[in-house]
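Letter by letter, the chains look like this.
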Amino acid sequence: MRYGMVLDLRRCISCYACQVACKSENATPPGVLYAWAYRVEQGEYPNARQVYIPMLCNHCDEPSCVGVCPTGATYKRPEDGIVLIDSDKCVGCRACMTACPYHARYYLDQIRNYYPGQGLTPYEEAGYERHNAGTVEKCNFCVERLERGEEPACVANCPAVARIFGDLDDPDSEVSMLVRTDAGYQLLPELGNDPSVYYLPAERPVKESR
Amino acid sequence: MNRPTLTLYSDLEAVYRPERVWAEGRAIALVLAHFLSGAGAGAWLLGLVLDLRLALVLGLVAVVLGGIVHLGFLGHPERAWKMMMRPQSSWISRGLWSMIVFVPTAALYVAGAYGAWGTSSAFAIVMLVLSLLGMAGIFLYKGFVYAVSRAVPLWNSPLLPVSYIAIGVRGGAALAFVGLAFAFPDSGSHSAQTWWLAATAATIFLFLLELAMGRSDSTISRSLAVLNHGSLAWVFFIGVVLLGVVIPSALVIASYPAAIGVAGLLVAGITSLVGDLAYKYCMNTAGTYVPLVPARAR
Numbered sequence: 001m002r003y004g005m006v007l008d009l010r011r012c013i014s015c016y017a018c019q020v021a022c023k024s025e026n027a028t029p030p031g032v033l034y035a036w037a038y039r040v041e042q043g044e045y046p047n048a049r050q051v052y053i054p055m056l057c058n059h060c061d062e063p064s065c066v067g068v069c070p071t072g073a074t075y076k077r078p079e080d081g082i083v084l085i086d087s088d089k090c091v092g093c094r095a096c097m098t099a100c101p102y103h104a105r106y107y108l109d110q111i112r113n114y115y116p117g118q119g120l121t122p123y124e125e126a127g128y129e130r131h132n133a134g135t136v137e138k139c140n141f142c143v144e145r146l147e148r149g150e151e152p153a154c155v156a157n158c159p160a161v162a163r164i165f166g167d168l169d170d171p172d173s174e175v176s177m178l179v180r181t182d183a184g185y186q187l188l189p190e191l192g193n194d195p196s197v198y199y200l201p202a203e204r205p206v207k208e209s210r
Numbered sequence: 211m212n213r214p215t216l217t218l219y220s221d222l223e224a225v226y227r228p229e230r231v232w233a234e235g236r237a238i239a240l241v242l243a244h245f246l247s248g249a250g251a252g253a254w255l256l257g258l259v260l261d262l263r264l265a266l267v268l269g270l271v272a273v274v275l276g277g278i279v280h281l282g283f284l285g286h287p288e289r290a291w292k293m294m295m296r297p298q299s300s301w302i303s304r305g306l307w308s309m310i311v312f313v314p315t316a317a318l319y320v321a322g323a324y325g326a327w328g329t330s331s332a333f334a335i336v337m338l339v340l341s342l343l344g345m346a347g348i349f350l351y352k353g354f355v356y357a358v359s360r361a362v363p364l365w366n367s368p369l370l371p372v373s374y375i376a377i378g379v380r381g382g383a384a385l386a387f388v389g390l391a392f393a394f395p396d397s398g399s400h401s402a403q404t405w406w407l408a409a410t411a412a413t414i415f416l417f418l419l420e421l422a423m424g425r426s427d428s429t430i431s432r433s434l435a436v437l438n439h440g441s442l443a444w445v446f447f448i449g450v451v452l453l454g455v456v457i458p459s460a461l462v463i464a465s466y467p468a469a470i471g472v473a474g475l476l477v478a479g480i481t482s483l484v485g486d487l488a489y490k491y492c493m494n495t496a497g498t499y500v501p502l503v504p505a506r507a508r
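Chains A and B, in that order, are what the protein sequence lines are.
With our numbering, the residue at position 28 of the first sequence is 28, and numbering never jumps.
Throughout, our numbering is defined as the position within the second sequence, counted from one, plus 210.
Source of the hints: derived by calculation from the structure; they are not laboratory data.
Fair warning: there could be bad hints in the mix.
[What the hints assert, rightly or not] Quick list of in silico lysine-lysine cross-link-like pairs, DSS-like style, CA-CA up to 30 Å:
no.: 1; chain 1: A; residue 1: K89; chain 2: A; residue 2: K76
no.: 2; chain 1: B; residue 1: K292; chain 2: A; residue 2: K89
no.: 3; chain 1: A; residue 1: K76; chain 2: B; residue 2: K292
Please put together the full structure from these sequences, using the hints given.
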């Protein structure tokens, strides 16, 4: 099995619900965004427009972050291809961050709160227990939700159904079929990481809705 | 509690996103550590070649200091031993192993050189060979730590490890100048100067070759623009070019026809070392990630 995600740029309405759902699910401190949107301007006036490209860890099949990690803290789960970080092993050398071309990783030098001078809120106190200062963090495809049989938070909360999650190894899965039939593409394929996150182009013929 | 984070929100929308994690904040410790260990390995090599015991000591001290300073960069220095776990894939891990081999064997060899058991006994020769292996690892690992990063084209060059070896030898020669200034101020030998000139010429050649090879890459051009007329220009031109190349070159070349004395050697050595440190800082800070979306799609 190889978990993967398809992001349909035609369906994405740039509402940032994925980003908010991710922050809420993972209680990430300020400045840490496991899911974020890369805004690109395409074309020139009068045919200019903005395209939002939702970003997250690409859970690459050939992850460059795994090889450079000197402690083995970053590893790929053989059973489903999810790339994870064992924060008890991470020494905070940040080699994985320089190796990742998708800017998916964050170094948490210290735990910050959202309301300066007011201490941690009860939500932050509870949520920050899963974060370790001095280590690197990133999206884990909401592995705890997956183990409960739920979809990642960004997928479950996308109001436009622009995010589809599934098994890329299964040729009959929705993600595999979308990649095949709707010209799914990876970001920076030339780097050889073979990401498990695919994008469907914004400019393509409209077919019957899913 | 709330000081600026290393992840700037403006970076999230930048086409050319600067590499910050090995360039800003405590990353100065990483730059200093790589500079010290490289110069230390170079001083060890030249100390052996030129039979200069003080250079051996300076090299060993520089490598040890480099290792200690490196700990200051880590988020969890108390876990540093865990970096030994992945030598099969990680150059950082290989670097740590190289230091672990180098430091004790070099220390025992230096102890022999200062009279404990000499340098020609079987034990001393084994220590020498092991220290040379460690030195080679220290020379190699730093360049490869950067060169394996395909996300940062300025670093992702096969020339970078070679270039960092040349800088290490240059730094070693500069440390030897300092040692010579104190130990043999009236020495008529120019061996260290010759090594310095050769290593400097190699460094400049490799840097220019990297520029020539990367000039068609838009991300590398962006990095070079930062060095040439961007925020790093003053560090590059004053630190690297003036202090690192022009001043020591003038002094070293002048030392062939006429003695430049203790002060001349010290100035040449120290300015060269400052230049090397500035170069490593510039290379780390000018690193830029490859754009997420190719230019034709923007």
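Hint by hint, here is what the structure shows:
Straight-line distance between C-alpha atoms of K89(A) and K76(A) comes to about 14 Å, which keeps the hinted pair within the 30 Å bound. Between K292(B) and K89(A) the alpha-carbon distance is near 7 Å, which keeps this suggested pair within the 30 Å criterion. Straight-line distance between C-alpha atoms of K76(A) and K292(B) comes to about 18 Å, which keeps the hinted pair within the 30 Å bound.
In this structure, every one of the numbered hints holds.
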